[in-house]
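Trainee: Sequences and hints are given; from them, build the entire structure.
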Amino acid sequence: MDYTPHTDEQIRQMLEVIGVSSFDELLTAIPSEVRCKSFELPSGLTEPEVVQTCETLAQPNVSLREAASFLGFGAYSHVIPTVVDNLSLRGEWLTPYTPYQAEASQGTLQMIYEFQTLVCELLQMDVANASLYDGASALAEAAVMALRATGRQRLLISEAVHPHYREVIATYLSGSSCTIQQIPQVNGVTDLEALNAALRDDVAAVLMQQPNVFGCLEPMAPASELTHRVGGLFVANVYPVSLGLIQPPGAYNADIAVAEARGLGSPVAYGGPGLGLFATKQEFLRRIPGRLAGCSVDQSDRRGFTLTLQTREQHIRREHATSNICTNEGWLCLRATIFMSFLGPAGLRRLAELNLRRAHDVVERLRQVPGVELAFDRPYFNEATLRYTNGKTSDAINRQLLKAGIFGGVPLKRWFPSLGDAALWCVTETVTDQQVDRLVDALKKL
Amino acid sequence: MTIPEHLRYTKTHEWARQDEGEIVVGITAHAQEELRDVVYVELPAAGKTVKQGDPIAVVESVKAAFDIYAPISGTVARNNAALQKTPQLVNQDCYGNGWFFAIRPSQPEELNALLTADGYAALLKTTAH
Amino acid sequence: MNQTSETLDMVNAVGGPEPLIFERSVPGRRGFQLPDSGLTQREIDQFIPAEFRRATPPRLPEVSELDVVRHFTRLSQLNFSVDTNFYPLGSCTMKYNPKLNDRIALWSKFALVHPAQPDDTAQGMLRLLFELEQLLCQITGMAAFTLQPAAGAQGEFTGLKIIRAYHARKGRTPSTILIPDSAHGTNPASATLSGFRVKKLASGPDGLIDLRELERQLSDDVAALMLTNPNTLGLFEKDIRGITSLLHEHDALVYLDGANTNALLGIVKPGDMGVDLIQLNLHKTFSTPHGGGGPGAGPVGVTKELEQFLPVPRVRQTSSGFRWDDNVAHTVGRVHGFYGNVGVLVRAYVYIRTLGREGLKRTGEMALLNANYLKARLSDTFPVPFGEHCMHEFVASLKPLKAHGVNAWDVAKRLLDEGFYAPTVYFPLVVEEAFMIEPTETESKETLDAFADALIRIAEEAKLTPDRIKRAPQNLPVDRVDDVKAAREPNLRWHP
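Quick mapping for you: the protein sequence lines, in order, are chains A, B and C. So that you can map any letter, position 353 of the first sequence is 352 in numbering that gives the first Met the number 0, and since no number is skipped, the others follow by simple counting. So that you can map any letter, position 95 of the second sequence is 94 in numbering that gives the first Met the number 0, and since no number is skipped, the others follow by simple counting. So that you can map any letter, position 141 of the third sequence is 140 in numbering that gives the first Met the number 0, and since no number is skipped, the others follow by simple counting.
The hints are simulated quantities; they were obtained by calculation from the structure and are not laboratory data. Computed from a predicted structure; not experimentally measured. Heads up, a few of these hints could be off.
Restricting the straight-line Cα-Cα distance to at most 20 Å, the calculated cross-link-like pairs of lysine to aspartate or glutamate (EDC-like) are [unchecked claim]:
no., chain 1, residue 1, chain 2, residue 2
1, C, Lys398, C, Asp325
2, C, Lys484, B, Glu33
3, C, Lys198, B, Glu33
4, C, Lys98, A, Glu48
So, partial list: chain C residues that the calculated Cβ filter (under 8 Å) puts toward chain B [said to hold, decoys possible]:
no., residue
5, Ala167
6, Arg322
7, Asp482
8, Val483
C-beta: ideal position from N, C-alpha, C; glycine also.
Mentor: In structure tokens:
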């Protein structure tokens with residue numbers, strides 16, 4: 000099946016107007032040596048056949064509806080209000096292009112302006128862009144911006160930043176002349192002494208995550224201050240839902256704040272698409288990568304919105320652009336705007352409290368199970384690192400839990416072998432009492 | 000099309016004016032007209048060493064950004080801070096208040112190699128479309 | 000500027016102005032309800048010590064569910080979209096976005112699967128990704144794909160990293176990328192972001208790459224040529240085999256910007272052209288929705304020789320099922336937090352399975368037919384500088400209207416009044432007053448005729464009443480927005 004509307008008669012008429020007798024005459028500019036000899040693909044299907052094929056394909060997947068999930072690690076499953084799907088699936092939101100023709104895109108542009116405002120409020124920063132691909136690339140872009148803004152060549156990144164994010168940064172900066180130094184963690188948080196020792200006036204930026212990869216709350220304010228003393232920029236990678244209760248980056252004078260915001264209204268979807276928040280101080284306005292929507296007026300003095308400061312972007316500056324990005328995650332940006340507007344300050348606070356409560360209840364119950372201990376005696380939000388002391392590996396435990404329909408915490412040995420058999424357990428508000436009971440029972444049996 | 004007689008010009012549409020020990024630089028009427036409304040100017044910091052032909056400033060309209068090149072070598076003595084708040088000065092008074100920066104020349108003879116007003120006028124004629 | 004009371008009075012008009020969500024806010028109004036957490040203040044203090052706690056709540060709006068529904072429904076009505084209007088944007092391939100793709104992508108068994116789940120519990124996901132890779136290989140003739148890049152630009156960036164790694168493995172560090180002057184802006188921007196220098200390659204008089212000019216520019220310092228084929232003028236680079244051979248003789252690589260792949264489906268396979276890398280834009284050729292700016296996906300295909308550099312992890316088919324594999328000999332690393340824009344990949348997979356061999360062939364054919372038909376209808380009114388026939392898009396020059404004081408930007412705005420989204424304007428830079436038109440295969444002859452008729456009418460109007468065009472648009476919620484003011488006085492957020 001395809002989506003072309005042409006009848007044979009229309010094709011005939013069109014060929015006539017073009018002035019050729021067959022379609023093949025349109026291809027004379029293409030040398031025969033490169034013409035497709037074979038085009039081997041499965042045959043097309045009708046809609047009912049597609050549905051059937053995909054149902055069969057999807058069948059082996061165990062979704063978060065069917066299993067009790069305690070997985071986090073940078074991807075958080077949160078409630079999605081019905082209106083988010085309902086509104087965002089309107090064709091007028093889903094199928095427009097990038098809003099370069101402002102007059103034909105006032106809906107999208109106003110929404111982006113609202114999104115930028117909401118992000119500034121959430122992160123307590125001066126200016127936010129229309130979003131980047133995901134949290135990881137946003138952190139990488141922040142690193143690039145800091146290097147260019149300071150003209151310095153060294154980056155300090157905490158070991159407690161998500162390992163995938165650190166890998167993405169390494170990829171982005173490979174081949175450049177900058178050096179990346181990793182600051183170790185001690186007892187679950189960044190070692191401030193080690194950070195202080197590494198800080199010199201050649202440091203462009205310090206990158207830390209809140210809460211960090213172990214779920215622990217980091218001393219962001221002291222770290223920020225230390226960084227500023229040598230004239231470096233402090234970059235914070237944060238978790239949006241936690242900001243209902245936890246101090247936002249603006250409060251500890253972060254220069255750049257980034258976040259993965261897929262959890263604000265979009266499903267985990269096997270890790271993508273994401274929604275990378277990017278916010279900074281007013282003084283760095285012209286260095287921001289990505290799209291910006293601004294408020295202005297039209298010729299009749301009515302309020303109107305338009306993309307602005309586009310001279311930073313690829314379609315104008317080309318090789319001198321602040322980045323190469325020409326996407327924002329428009330559709331997820333919309334969903335997050337609806338989500339944040341609908342929850343409001345009270346809803347966001349309540350959502351954060353529900354996560355805090357659930358996670359602490361579960362962790363306390365798990366600590367009572369012999370052979371399970373909390374790895375770090377530190378405050379946490381909705382994720383914590385647990386260590387197994389009964390001789391079983393995280394993998395073995397998870398295999399057993401799986402039989403009970405439970406996704407146990409993410410084993411951390413692969414990235415942090417010094418922790419022994421430890422796993423990262425996340426509890427969001429989507430976890431039910433019954434699921435927790437089932438988990439405790441299953442763990443006790445082990 | 001105004002091309003003041005007492006100034007020197009570059010092929011890249013900058014003008015240069017001798018002002019005591021410094022060379023003041025801006026962009027020509029032709030350039031600002033092509034650009035249309037100037038929205039932002041990025042200026043070099045005072046003290047910066049520059050070589051003739053280096054791109055050392057950027058002028059932006061809504062739709063385009065262009066490099067501005069040092070017409071001579073030397074050190075940037077000062078720049079026109081007024082352009083930060085009022086970039087439209089470049090459109091309104093490109094040879095006067097819309098100046099960009101001043102350079103203390105290290106090789107003053109470079110100024111003589113620049114185009115005269117007649118030379119610049121001829122250049123505009125050949126590239127006219 | 001406070002327009003609150005005015006705009007709220009006009010709130011009832013369909014397509015009328017809509018206040019900001021903050022302007023609808025009323026302190027104390029309840030939005031989305033969640034259960035009470037039951038936490039006491041003491042517990043909060045205990046769990047989160049004061050130095051970590053947020054002191055002031057974010058000033059998010061306080062609105063009801065109906066407020067939210069009205070606001071975002073009404074805002075949507077201010078947009079043009081493929082679902083409502085013809086969008087002949089050159090280089091963007093604004094084809095119909097099948098609803099079936101969205102529906103399936105949002106099934107729980109696809110949308111509610113966690114990236115850190117054990118592979119055994121995500122076999123359907125892994126199989127889909129594996130099969131998608133295979134299908135893209137079959138369509139393009141490349142040997143392997145990475146699905147990780149989140150957009151075309153990120154695909155370019157990934158490709159450039161692979162190019163660097165290829166040369167590094169041979170102990171070389173060439174620092175230059177050759178890019179034709181007709182290329183998309185992302186090409187030089189991506190090259191710079193990846194740490195290369197850009198050298199512009201001037202197009203020949205026929206709008207194509209000039210082989211002699213290319214040879215002149217080749218040196219030991221050239222790592223690769225980035226090109227688009229068909230190029231942004233809609234012309235097929237007929238010397239493509241010569242071009243790729245030439246680059247390979249100098250041990251440089253050829254990167255194909257696959258933005259224009261809609262022209263090639265079933266007609267030419269990039270692999271047969273001799274290119275080493277290609278990025279595809281799933282939100283163009285493969286129908287995934289543009290979403291007002293994203294998300295997209297930019298998978299990168301490579302030759303067998305370059306497979307060893309692909310990002311990790313990759314999906315492997317083993318005797319015990321599909322698995323993620325971190326072992327790629329000389330991987331450039333990771334470019335995405337997890338596996339890429341999976342939600343978008345699912346949509347593209349559904350599309351490819353729906354169309355199949357015959358559907359994709361027909362898509363390529365009808366894309367070419369539609370573009371050539373529109374070109375035939377318009378080329379008497381507006382010159383199309385290059386080529387006898389075009390591929391899936393063509394570039395017309397609106398220079399004839401300059402005599403009446405009307406430029407391409409004005410005509411674009413005037414088209415909006417007729418209910419047509421404008422083509423791409425002022426790109427590529429090699430055509431004066433450029434109007435780049437790509438109708439795509441999902442548009443009917445009636446729509447194409449209506450568009451051509453409208454453009455021809457506007458050309459007439461330019462002679463008689465050019466003012467109407469210069470003042471356009473007049474039929475939309477706003478007329479021309481002052482973008483100079485927006486750039487001089489950036490107002491990027493609302494303030495309470």
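Trainee: Taking the hints in turn, state whether each one holds.
Mentor: So, going through the hints one by one against the coordinates:
| no. | hint | in the structure |
| --- | --- | --- |
| 1 | C:Lys398 to C:Asp325 | violated (55 Å) |
| 2 | C:Lys484 to B:Glu33 | holds (18 Å) |
| 3 | C:Lys198 to B:Glu33 | violated (25 Å) |
| 4 | C:Lys98 to A:Glu48 | holds (15 Å) |
| 5 | Ala167 | violated (30 Å) |
| 6 | Arg322 | violated (48 Å) |
| 7 | Asp482 | holds (5 Å) |
| 8 | Val483 | holds (4 Å) |
Hint compliance for this structure: hints 1, 3, 5, 6 are broken, all remaining hints hold.
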